[in-house]
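As you go down the protein sequences, you meet chains Z and F in turn.
Residues in the first sequence are numbered from 2 upward in steps of one, following the working numbering.
Residues in the second sequence are numbered from 2 upward in steps of one, following the working numbering.
Calculated directly from the structure, the hints in this document are not laboratory data.
Note that this is a predicted model, so its numbers are computed, not measured.
Idealized CB from N, CA, C, for every residue including glycine.
There could be a bad hint or two in this list.
[Claimed, not checked] These stretches of chain Z come out as covered by chain F in the derived footprint (C-beta under 8 Å, 3 or more residues): (1) 51-61; (2) 189-199; (3) 216-228; (4) 258-268.
[What the hints assert, rightly or not] Derived, one-sided and incomplete: chain Z residues facing chain F with beta-carbon distance under 10 Å: (5) V7; (6) R151; (7) G202; (8) T313; (9) V314; (10) A317.
Number of protein chains: 2
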Amino acid sequence: MKVNGVPFRSLWQTADGAVEVIDQRRLPYAFATRALRSVDDVIDAICTMAVRGAPLIGVAGAYGLALAMRRDPGDAHLAEAHRRLNASRPTAVNLRWALDRVRAVLAPLPPPRRADAAWLEAARIADEDVELNRALGRHGADLIAAVHARTRRPVQVLTHCNAGWIATVDFGTALSAIYQAHDASIPVHVWVDETRPRNQGLLTAWELAAHGVPHTLVVDNAGGHLMQHGEVDLVLVGADRVSARGDVANKIGTYLKALAAHDNGVPFYAAVPSPTIDWTIDDGLAGIPIEERAAGEVREVAGLDRQQQRATVRIAPDETPVANPAFDVTPARLVTGIITERGVAAPHGLGALFPGRRQAA
Amino acid sequence: MKVNGVPFRSLWQTADGAVEVIDQRRLPYAFATRALRSVDDVIDAICTMAVRGAPLIGVAGAYGLALAMRRDPGDAHLAEAHRRLNASRPTAVNLRWALDRVRAVLAPLPPPRRADAAWLEAARIADEDVELNRALGRHGADLIAAVHARTRRPVQVLTHCNAGWIATVDFGTALSAIYQAHDASIPVHVWVDETRPRNQGLLTAWELAAHGVPHTLVVDNAGGHLMQHGEVDLVLVGADRVSARGDVANKIGTYLKALAAHDNGVPFYAAVPSPTIDWTIDDGLAGIPIEERAAGEVREVAGLDRQQQRATVRIAPDETPVANPAFDVTPARLVTGIITERGVAAPHGLGALFPGRRQAA
Numbered sequence: 002m003k004v005n006g007v008p009f010r011s012l013w014q015t016a017d018g019a020v021e022v023i024d025q026r027r028l029p030y031a032f033a034t035r036a037l038r039s040v041d042d043v044i045d046a047i048c049t050m051a052v053r054g055a056p057l058i059g060v061a062g063a064y065g066l067a068l069a070m071r072r073d074p075g076d077a078h079l080a081e082a083h084r085r086l087n088a089s090r091p092t093a094v095n096l097r098w099a100l101d102r103v104r105a106v107l108a109p110l111p112p113p114r115r116a117d118a119a120w121l122e123a124a125r126i127a128d129e130d131v132e133l134n135r136a137l138g139r140h141g142a143d144l145i146a147a148v149h150a151r152t153r154r155p156v157q158v159l160t161h162c163n164a165g166w167i168a169t170v171d172f173g174t175a176l177s178a179i180y181q182a183h184d185a186s187i188p189v190h191v192w193v194d195e196t197r198p199r200n201q202g203l204l205t206a207w208e209l210a211a212h213g214v215p216h217t218l219v220v221d222n223a224g225g226h227l228m229q230h231g232e233v234d235l236v237l238v239g240a241d242r243v244s245a246r247g248d249v250a251n252k253i254g255t256y257l258k259a260l261a262a263h264d265n266g267v268p269f270y271a272a273v274p275s276p277t278i279d280w281t282i283d284d285g286l287a288g289i290p291i292e293e294r295a296a297g298e299v300r301e302v303a304g305l306d307r308q309q310q311r312a313t314v315r316i317a318p319d320e321t322p323v324a325n326p327a328f329d330v331t332p333a334r335l336v337t338g339i340i341t342e343r344g345v346a347a348p349h350g351l352g353a354l355f356p357g358r359r360q361a362a
Numbered sequence: 002m003k004v005n006g007v008p009f010r011s012l013w014q015t016a017d018g019a020v021e022v023i024d025q026r027r028l029p030y031a032f033a034t035r036a037l038r039s040v041d042d043v044i045d046a047i048c049t050m051a052v053r054g055a056p057l058i059g060v061a062g063a064y065g066l067a068l069a070m071r072r073d074p075g076d077a078h079l080a081e082a083h084r085r086l087n088a089s090r091p092t093a094v095n096l097r098w099a100l101d102r103v104r105a106v107l108a109p110l111p112p113p114r115r116a117d118a119a120w121l122e123a124a125r126i127a128d129e130d131v132e133l134n135r136a137l138g139r140h141g142a143d144l145i146a147a148v149h150a151r152t153r154r155p156v157q158v159l160t161h162c163n164a165g166w167i168a169t170v171d172f173g174t175a176l177s178a179i180y181q182a183h184d185a186s187i188p189v190h191v192w193v194d195e196t197r198p199r200n201q202g203l204l205t206a207w208e209l210a211a212h213g214v215p216h217t218l219v220v221d222n223a224g225g226h227l228m229q230h231g232e233v234d235l236v237l238v239g240a241d242r243v244s245a246r247g248d249v250a251n252k253i254g255t256y257l258k259a260l261a262a263h264d265n266g267v268p269f270y271a272a273v274p275s276p277t278i279d280w281t282i283d284d285g286l287a288g289i290p291i292e293e294r295a296a297g298e299v300r301e302v303a304g305l306d307r308q309q310q311r312a313t314v315r316i317a318p319d320e321t322p323v324a325n326p327a328f329d330v331t332p333a334r335l336v337t338g339i340i341t342e343r344g345v346a347a348p349h350g351l352g353a354l355f356p357g358r359r360q361a362a
């Protein structure tokens with residue numbers, strides 16, 4: 002997608018062998034990039050959320066292994082790099098999926114051939130991510146078009162967190178559907194949840210504004226009220242992990258929106274490339290680990306001060322105890338459909354869309 | 002309640018005839034009071050939320066009429082002051098209730114007697130508010146005690162916004178129940194919703210810390226996840242208006258917590274003094290006006306900067322469209338009970354608790 006008219010991916014290789022990423026902690030206030038030159042750089046970028054979004058974390062992890070192999074392609078270092086990268090964020094499954102895929106390619110190779118093979122495999126995963134998201138966005142755009150065909154009004158979509166192109170290598174997941182509907186002249190308006198504590202909704206608003214998609218920012222508390230008053234035609238989110246039966250782990254607060262959608266007859270969809278599906282887990286509520294993040298994310302809010310300089314304010318004192326679970330799980334019964342690169346399935350129909358995968362679990 | 006060991010109400014008369022209030026916009030960062038000397042001062046305090054909380058707004062409105070009468074006790078000025086005060090915040094019904102009550106006392110009186118009568122009536126309303134909240138808190142504490150008797154664990158209560166003593170003249174509504182349970186040695190822990198956009202949860206955390214009640218601050222997105230994992234025994238909120246059939250208008254986002262409570266078998270209670278009940282409306286969703294507030298409340302976040310000075314950061318640019326509905330309505334079907342000064346009623350049982358009121362509508 003374009004930033005100020007210039008086409009960008011959210012991650013790319015540089016001529017000098019680094020992996021360059023958009024530093025998402027500085028968005029939407031500044032557009033800056035950052036070169037990752039070691040596995041430690043990659044882990045730091047993932048942990049601090051300079052790089053975020055389940056699909057992008059997966060690709061970054063793959064490149065992390067490649068950077069590790071360039072330094073030391075031995076078995077012990079491969080195992081260690083895999084373990085450390087995999088632990089950098091526990092909820093998104095794309096990371097484990099990408100790491101396992103690269104390791105499966107590398108393990109049979111003699112160490113001297115591993116670095117090149119890892120770079121190649123990471124690049125393949127990145128390119129595939131783009132194609133998966135393009136494909137799933139087409140299916141999602143069809144859903145939006147169908148609502149418009151029925152209502153003849155601008156389609157009102159509510160989204161939570163950022164499932165845009167910067168959460169992937171390109172196109173995005175939920176926003177891929179919205180971009181493609183918009184580009185096909187389907188009128189769309191997006192309600193953008195702020196998404197406390199890290200306010201990734203601001204990234205979504207930034208993306209939508211750059212692409213010219215009409216949108217309105219709301220606090221996370223507002224979505225239920227909007228749905229009660231017929232202001233939302235569908236809820237469309239990404240996911241960090243979807244269980245085999247269709248339970249959806251996504252940014253904290255998604256479950257509340259799914260409940261409101263269900264209570265008001267509003268369809269609720271998660272848009273996910275297949276690497277986000279964890280075929281080894283059925284019960285997402287019991288099986289998907291939920292990351293607990295630092296209290297500072299709740300206590301401090303970042304923005305711009307009056308001089309337009311990046312600043313943070315502390316809203317709660319250190320003495321105030323804080324809990325900060327980063328994700329929740331929306332049970333499949335509240336999910337209308339999962340949008341994948343192969344089409345849209347009811348949660349219980351995911352296995353039929355990916356017959357080989359399900360059995361492999 | 003006490004602030005730094007000194008007993009305070011949230012509003013009181015001064016020796017020189019002003020009405021002094023705690024400036025709630027400066028909490029929790031600074032404790033400052035502000036003298037209201039005219040009806041315009043009162044309207045400004047209500048609109049800017051220096052004075053907030055449905056019960057306290059009602060009392061402040063009554064004093065606003067008293068201040069107006071001291072300046073000009075004529076019929077036209079009475080009508081005008083009533084109209085302007087009533088328009089200052091549309092959702093909380095206590096304001097209209099208190100204004101109507103004072104006006105009913107004043108209207109039959111010759112103008113020269115109105116100012117004194119208005120002061121007297123406003124003081125009566127303030128004192129009654131304290132007693133209503135003390136009484137309803139006792140009933141709420143009984144509910145908390147019953148949970149503890151069953152579980153023998155600290156009772157986990159989730160609350161939204163600030164329904165504490167500063168939202169009333171004293172004691173609070175939801176927090177009155179928590180304070181009284183705590184004071185009766187029932188172990189209670191409170192999950193405090195941040196309550197974007199204005200973060201009144203910080204006021205709640207400040208109150209609870211001052212009273213020594215264990216609590217944990219969470220973002221508004223977290224409550225559903227907590228309930229899914231058995232971390233909440235009951236949800237306890239205040240209200241700005243409750244319809245005759247028990248629909249609960251409260252701070253935006255309350256409905257989402259009620260949905261999560263319902264989905265997880267967690268009881269959901271609203272604690273309200275009877276002046277919060279609007280006997281003229283049955284269908285709260287259709288009948289209760291929802292205030293839309295300024296976009297700046299969403300775009301800017303207040304806190305302390307690194308020098309511990311009050312500061313705001315802008316999180317979204319002016320170009321980002323914002324919607325800011327301040328309240329939502331939780332339908333009676335999601336409400337386990339309404340806690341009033343006369344006891345706890347199922348929503349449909351409210352009329353039986355207040356038989357005279359219902360017929361009067």
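Structure-based check of all given hints:
1. A count of 0 residues in the stretch 51-61 of chain Z with a Cβ less than 8 Å from any Cβ of chain F is obtained; the coverage claim is therefore unmet, three being the minimum.
2. Counting residues of the stretch 189-199 of chain Z whose beta carbon lies closer than 8 Å to any beta carbon of chain F gives 5, which meets the minimum of three for the stated coverage.
3. Check on the stretch 216-228 of chain Z: 12 of its residues sit with their Cβ under 8 Å from a Cβ of chain F, so the three-residue criterion for coverage holds.
4. Taking a C-beta to C-beta cut-off of 8 Å, the stretch 258-268 of chain Z contributes 4 residues in contact with chain F, enough for the three needed, and the coverage statement holds.
5. Taking 10 Å as the C-beta contact cut-off toward chain F, the hint placing V7/Z at the interface is violated, the least distance being around 20 Å.
6. A distance limit of 10 Å between C-beta atoms decides the matter here; for R151/Z the minimum to chain F is near 24 Å, and the interface restraint is violated.
7. Of the supplied interface hints, the one on G202/Z holds, with its beta-carbon coming within about 9 Å of a beta-carbon of chain F, less than 10 Å.
8. Taking 10 Å as the C-beta cut-off, the interface hint given for T313/Z holds, the closest approach to chain F being about 7 Å.
9. Because the smallest distance between the Cβ of V314/Z and any Cβ of chain F comes to about 3 Å, under 10 Å, the interface hint for this residue holds.
10. A hinted interface residue such as A317/Z counts as satisfied when its beta carbon comes closer than 10 Å to some beta carbon of chain F; here the least separation is about 6 Å, so the hint holds.
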